[in-house]
Structures are given as structure tokens and as C-alpha cells.
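Protein chains: 2
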Amino acid sequence: MTRYEELAGEITRQIRAGVLRPGERIPSVRQACAAQGVSPGTVQQAYQLLEDRGLIQTRPRSGYYVSATWKSAAAAASTPAEPEVSRPPRASTSVAVSDLVFEILESVKSESVVPLGSAFIHPSAFPLAKLARFMGTATRALAPRRMVADLPPGNPELRRALARRYLAAGVSADPDDILITHGGMEALNLCLQAVARPGDTIAIEAPAFYAALQAIERLGMKALALPTHPREGVDLQALKEALNKQRIAACWFMTSFSNPLGSLMPEESRRELVAMLAAREVPLIVDDVYEELYFGKTRPRPAKSFDTEGTVLHCSSFSKCLAPGYRVGWALAGRWAQQVRRLKMMSTLATAIPPQAALADYLKQGGYEHHLRGLRSALQAQQGRMIAAIAAHFPAGTRVTRPQGGYFLWVELPGKADALALHARAAQKNISVAPGPIFSPQRRYAHCVRLNYGQPFTPQVEAAVATLGRLAKSLL
Amino acid sequence: MTRYEELAGEITRQIRAGVLRPGERIPSVRQACAAQGVSPGTVQQAYQLLEDRGLIQTRPRSGYYVSATWKSAAAAASTPAEPEVSRPPRASTSVAVSDLVFEILESVKSESVVPLGSAFIHPSAFPLAKLARFMGTATRALAPRRMVADLPPGNPELRRALARRYLAAGVSADPDDILITHGGMEALNLCLQAVARPGDTIAIEAPAFYAALQAIERLGMKALALPTHPREGVDLQALKEALNKQRIAACWFMTSFSNPLGSLMPEESRRELVAMLAAREVPLIVDDVYEELYFGKTRPRPAKSFDTEGTVLHCSSFSKCLAPGYRVGWALAGRWAQQVRRLKMMSTLATAIPPQAALADYLKQGGYEHHLRGLRSALQAQQGRMIAAIAAHFPAGTRVTRPQGGYFLWVELPGKADALALHARAAQKNISVAPGPIFSPQRRYAHCVRLNYGQPFTPQVEAAVATLGRLAKSLL
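From first to last, the protein sequence lines are chains V and U. Our numbering puts the first residue of the first sequence at 1, with every later residue one more than the last. Our numbering puts the first residue of the second sequence at 1, with every later residue one more than the last.
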């Protein structure tokens, strides 16, 4: 729980205990700062959360007051419980989820839709105007021969900049080991092709990112979904048992802020995971595209930093944290680096040169850290407001994850509520959600949806969450 | 034979016949224009060719004179014969050429190499500075939501501009049927995946572009190389016989200026090819990345223009004609359009947005036609000079193609000359060539090399051709 949520919880307790009564003024932001030893931003976030939950009200030029209707609001707003560890079937299975995924993606492409089912952060969160300037100047400055010379592995300045960032995160990477790809998606697909053959079994999280399922399906492989904790990721004991029982060709996990659960595997578990797989020579593909979007004080140490044997294939990209649409990602493929590079040359040859040059310059002098700090804090605040809105509007018994980064909430609806039906009814009201079955090789999670909080929490978004809550209630 | 070559031939005959004697002045450019009814450019190209061949000499501020040593020069310069129709084995075969291709590509990446083995035109031939300006302005002008909205099929303005160009070439394409890809390579690979399965047989040209061989190898398919005419492309009679004898899952041909032969399939043959395959429901993948680089008066009519059944998958790109390094290509995949689009979304998701926007603007107002006219005429002149240099320096009995477009010559060395040995010795002298075996599933064409004339014909290039000729002689 973050500091502002703790503060909000404390004020809630005071209201419940009658220390603060309906209509009474609560401490001003300045008073609360002094009393609690926190920053004004934290107090403001806490008060915003309490207002969203209907416990307090703002009176312009006067202050914050306990709401007259706080009791009913508090009943609704008791923060929802988190989901439990997933319990997928223990057998590996072929995958046939692609058609459903496409159907759902195509149905929500319209601009007028409130994109709670989107996989992207709202573009307004990115320094696109600044990047466009870098795009112009970097492209003009490129020596013509670079248009041919920057074949795989890609722009050398960009690879050096990435290697420096990874070094700071505990990963010692030679720039020559970094292959620039068309986004994280290409990196992941190439890595999977490099380490496994058709018919092989790939261990994944449960629920898992649908693109992982699609890649496994496209390449004729099988998926083994493992029990996954909503906060801590894959259950390592279950993984160990599976490894002892059957041949697993590779694991494909998201150790930081997984899609859709948002789980963050603890550092000790990462170390254990890497060692366990290396001992068995099983490659670990890490989809780490959310690695920069942490809410904690420090960046989680990548699994790759524990990789002494070259068995970790680390994939990431700028699409989620800086430059959507630029399609610049990368792979550090360890032992399989040359093979992944050759697969790249055979399938798409090279990555577009100008966007690589622009990003290399931006990393050097664009203010990346400043941008990231702002983005993380916006995402964290938006998460709090969306959880509060879900608490206020969704049926009792709804469970919600509490990710420590990224921009997805995984919502378990109570009872037999059907997420595909919710998706269909919401689409009619121009709201998208990502229904649970697209995250499962067996189309499980029929009562779950993934919601995206990577957009400003406008009244329109709040109204959309309220509408979803009403629709969910009507499905019970 | 082009007009300027005819004129050069005529003057050669006059010198041989003694009409023009050593040391005598030949007609000035103006006189020749008037006498022959041709443009000054044609006369200049003819005189340049004669000079390259050592038959005439320029005296500054005086004119052109028959060379005193014209006899020995003429003996060397008799234009080499063309290669014969290829005769590959009649059985389909698995492919294992990738390692050799990579070895050769990696060995010649250095900047100091004279890149006669390159697959690219020299970057100086492209309007890169202008494109860079479009890149800056187009990226700045993009609405942020486009960074997410321009998912496959890609930038709508670019697809409309391409559809208009194809309409003018006789292909009626709906912009929604055009999928923007990461270069032609991705388009081709996606199309092949969409129409064929592992183990299937794919009919190809002989010799064939090595990337086609690599794609077939990577996907576990088999190749059937067909007899191919150096001017007219695949032998349709041989194709018909093969179709009657065995199941062919798809054809992958380059109908315009194939790589490496440079063949141009005549319009009537294209029509027949498309009809023959459509009647058997066999998909035709056309790699048409050289379609804009024709030397004739009009653009060859694409095979796609004869496609009434949707069985032609037309792939092309800007990498060869306008914007190398931008990695923007496309596919018009007919019946398989949706499937190709989905394969794209599953493997690389989307194509970088800013380069697409820049190219859309450039096509509208950048002067594309003007650029193309200049490029075509430069390539044609460079071809003439390289053929003359080969004639002057390579061993007697060497055969050379006479492509009507593109920028490759296919050179057959006489006797048992070993192209891989030539490649190795040339590399020591910082000259690259593309040896024949990388263009064959059976590593045939051991005595052939592909030479690239897509670069200004500088003294350095001429010296490199002379060195190659010497090395080739030493191998006999």
C-alpha cells in the first residue's frame, strides 16, 4: 500500500470512529503535511481518493469536509480484496485463442471508444513533440551510408545507451549483444523461434499476455500455464514440479508488472528462477516491456542480472514507456544472440534506421529520466483513482489486483458474471474492456476483465467505470 | 539493346571498316544528334561507352578522336554474350544455404570494401536530405493518437497514395487491401507463411534471390527451381509440366528485374502465368521490389494487374527505389489479405509510424517521379559502363546478362572458374562479389557471380572490376 493510500485509510478510520463527523472540516493540506510528515502531493492524492470514494467533499475556497452520506459511500468503498493465486490445469495444451483475440481487438478500434481494454498508455503521456524534433534532426544528421550500414544488430549509439542503462540496473551487456527489433513483439517472437520447435511445450503465467499465446499458437507449440500469484508472479514450487514431470522447452514470463496480473516477482525469486532454469538448461524468455514503469523507489533488478549461463533472453521496448508507434524494441538473447540476429535478418532484415537514431539522441539529451518520473507518478495516481471507482461502482465481492507498476488492473467479478458478455454490452456503450478468456489457452477467466488505467482519469473515464459496474451487476 | 548502345555499335563498325581511322576526329555531339535523330544525352552515353572501351579518346576543347590503339581495345571489348536459360535439376529439394549466405554477408560489411556484392543501391542515389526534412515535419504534424491508431494495415494516406500509383499501373487496389510492412522482406515472409506449410514445395527461379531460399529454409519448406531465361524469366512450359507432375503449394517469382538475373517477364507471359496458376488455385507471390527501376519507356504491367481471382500476392517496398533504411514495404495479398495482416500483428504488431507519415507526404509533394527518372537513367548508364569494363577486363568466354532494369549483372565465368574462390580472393583486395552458390538451393552456379552497378562508376569501381577480371583469369 502506498503512503497516500495509508493516509486515506487513516482518515477513513477517523471518520468511521466518529473523530471526524459529517459536515466537519478535515485538516487542510498544509496541516496534514505537517502532522503526518508527508508531501503536499501525497495529501492531495489521499484527499482525491477519499473524494472519489464519496467520503469527503471539497468546498471551493473553503476546504475539505466529511460528506453527509459517508456511511453508504464507505460501505461501497471498502477497498476490494485481491484475487487469489491462479490454479490452471496441470496439463500442457495446444492454443487456439487467436481468432477471439482479433475479434475483440478489431471491435474496439474506433476513436470514440473509452479504451479501458486497450494495451497502450494514452499517447498524451509521452513527449511526442520533443521526439518529433529529435526525429527531424537525427535523420538529417545521419550519414547516408548509415541507411545501409545500420543493419542488424542496429544503431550503435542506441545500443551503447541501452547497455549503459542496463549496467546501472545490474545487467552487464555488451552493446554488440543487443539486437534492435521492431518493438518488443518482434524480439519475443524471434527469441521463441530460436529456442523452441513446433510441438514443444512453453511454460507461461496464468493468466498470460495474449500475444504470448498467439506466438505459441502461430508456431505450433503447446502452452503450460502455471499457478501465478497476483503480487509475486509464477509459483516457483509449481514450476519446479512441472520441470520434474515433463520436458519444458522454454519459459516465457513477465517478471515485472505482468500483463494482465501486474505481478512483480521478488528479487530473491528471480534469482532462484534463473538458477533453477539454468541448472536444467531451460531458456527463460523475459518479456520486460514494463520494466521502467515501477512505482517503488528503485528499478526492480532484471532477471537477466542473475544470468551467469546466458540462458536468459531479455526482451524490452520503448513502446510502453516512451515512444509508442516508433516500433523500437530489443533483445539480449544470451547464448542465442547470433541465432536471433539471423532470424531477424531472414524475416524483416533490419529495423527502421531513423527512429533508432532519434531515440539514441533522445536518450543522450532528451530528459528521459524526467519523463519517466512524471509518467510513473501519473500512472500510480491513476491506479488509485480507478481502484476507488471500481470499489464504488462494481458489485460486492469484486476482487482487484494492486500492481506496483505498469497500467493494468485485473478484475475478478463475483459469481458467474460473464466477461465476454460484459465486453459485448460495454462495446455497445462505447467502452472497451479486455475479457479474461483472451489471456488463457483454455479460454478460462470467464469472470475476469483487464482494465487499463494508463490514461488521465477524466470524468468520462470515471463514468465509463461506473457504467461497467452497472453492467457487471446486471450480469449477476 | 538500347539506342545509345546501337549508336556505339554503329561507330564501332565504322572504325572496324576503316571509315574512321586512328587519330581521326569523329562527329561532334551536335553533328551526331542531327545525323542520327537522337538526343544529345544518347550521343554522350554512346561516346562514353566507346571511351570506356578504349575505342575513342576525348581531347579537351577539341572533340572525340579514334584511339590509336583501337584494335586491341576492340578485341577485348566485343560485348560478352548473354548466359543461356538455366537448367536446374527437376526435383524439389530441401534448402540449407543460410549459413553460407550469412558468412558471405558478414565478410563484406566493412566500409572500405568496394561493394560489388552488395544488395543495395549506393545511398547517394536517394533524396535522403529531403526525406529527412519530411521526416521532421511529418512526425511533428502527427496527431498523438495516430501513434496507436495506425496499427495494421498502416498509415491511411500512404496506402491511398500507393493505391493511386497501382491504379496508374493497371492494378485496381483498395487502400484497405494494402498492408504496410517492415520492408519487402517482411511482406514476402508473411505471404509465404500465409499460403504454405512446412514440407510444402515452393517453385522459384533458377538462380533465385537468396532471401527466398532462406525463407523457404527457415519455414521448413522445399524449393523447386525452374529453368529461367536471363531476359524473360521463368520458363512457363517447364512450370506447367512441374504443376502437372507434383503438388506445388506456391510460386515465388520476381517478374520485373529479378535478383540476380535481371530478367523481365514479358507482359503476355505474365498474363499466362497468372491464369495458369489461378486455374490450379496455386498462389503466386511476386517479389516486385525493383518494379520502379525500369529502363524502358513505360512501367512493366504488374502480374497483379491480371489477377481476377485474388491469387496473386504482390510485395514491394521503398528500400530499392527511394528510402533504404526506412524499412517501409507493403503487401497486396489478395485472398490472403486478412491472414497476412493477422500474421503481421502476431509477429511484429505494426510498422513504425513516423517513416510511413514521412513517405506519405513525400509521395504527395516530394518530387518522386523526378527522382525516379534520374535514378533510372543513372542506373542504365552505370550498367553500360560496367558491361564495357567487364568486356575489357574479364576472361574471354565470360557471359553477362543485359537487364532492362534494376542494378544487378549476372556474370558467368568461363570454364571451371570457382566463384567462391573469387569471392575469397576479392575480399582480400577489399572488393565484394555475390558468388553464384548463394542463389541456389543446391549451391549450383559455382562459376557465376552477381555484380552490383547501383553506384557511381568511379575510377575506384572501374579498378575493382579490372582486379576482378584479373583474379578470374588467374582462376582458370
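The hints are simulated quantities; they were obtained by calculation from the structure and are not laboratory data. Virtual Cβ for every residue (Gly too), placed ideally from N, Cα, C. Accuracy of the hints is not assured; some may be wrong.
Claimed, not checked - Examples of chain V residues lying across from chain U (beta carbon under 7 Å, computed):
1. 102
2. 120
3. 136
4. 140
5. 147
6. 349
To be verified - Mimicking DSBU-like on lysine-lysine, the simulated pairs with C-alpha atoms at most 30 Å apart in a straight line are:
7. U:245 <-> U:222
8. U:473 <-> U:429
9. V:364 <-> U:130
10. V:222 <-> V:245
11. U:130 <-> U:364
12. V:222 <-> U:222
13. U:416 <-> U:222
14. U:473 <-> V:130
15. U:364 <-> V:130
16. U:364 <-> U:297
17. V:364 <-> V:71
18. V:416 <-> V:130
Right, here's what the structure says about each hint:
no. : hint            : result
1   : 102             : 6 Å, holds
2   : 120             : 5 Å, holds
3   : 136             : 2 Å, holds
4   : 140             : 4 Å, holds
5   : 147             : 3 Å, holds
6   : 349             : 4 Å, holds
7   : U:245 <-> U:222 : 16 Å, holds
8   : U:473 <-> U:429 : 16 Å, holds
9   : V:364 <-> U:130 : 25 Å, holds
10  : V:222 <-> V:245 : 16 Å, holds
11  : U:130 <-> U:364 : 13 Å, holds
12  : V:222 <-> U:222 : 25 Å, holds
13  : U:416 <-> U:222 : 29 Å, holds
14  : U:473 <-> V:130 : 58 Å, violated
15  : U:364 <-> V:130 : 25 Å, holds
16  : U:364 <-> U:297 : 23 Å, holds
17  : V:364 <-> V:71  : 53 Å, violated
18  : V:416 <-> V:130 : 48 Å, violated
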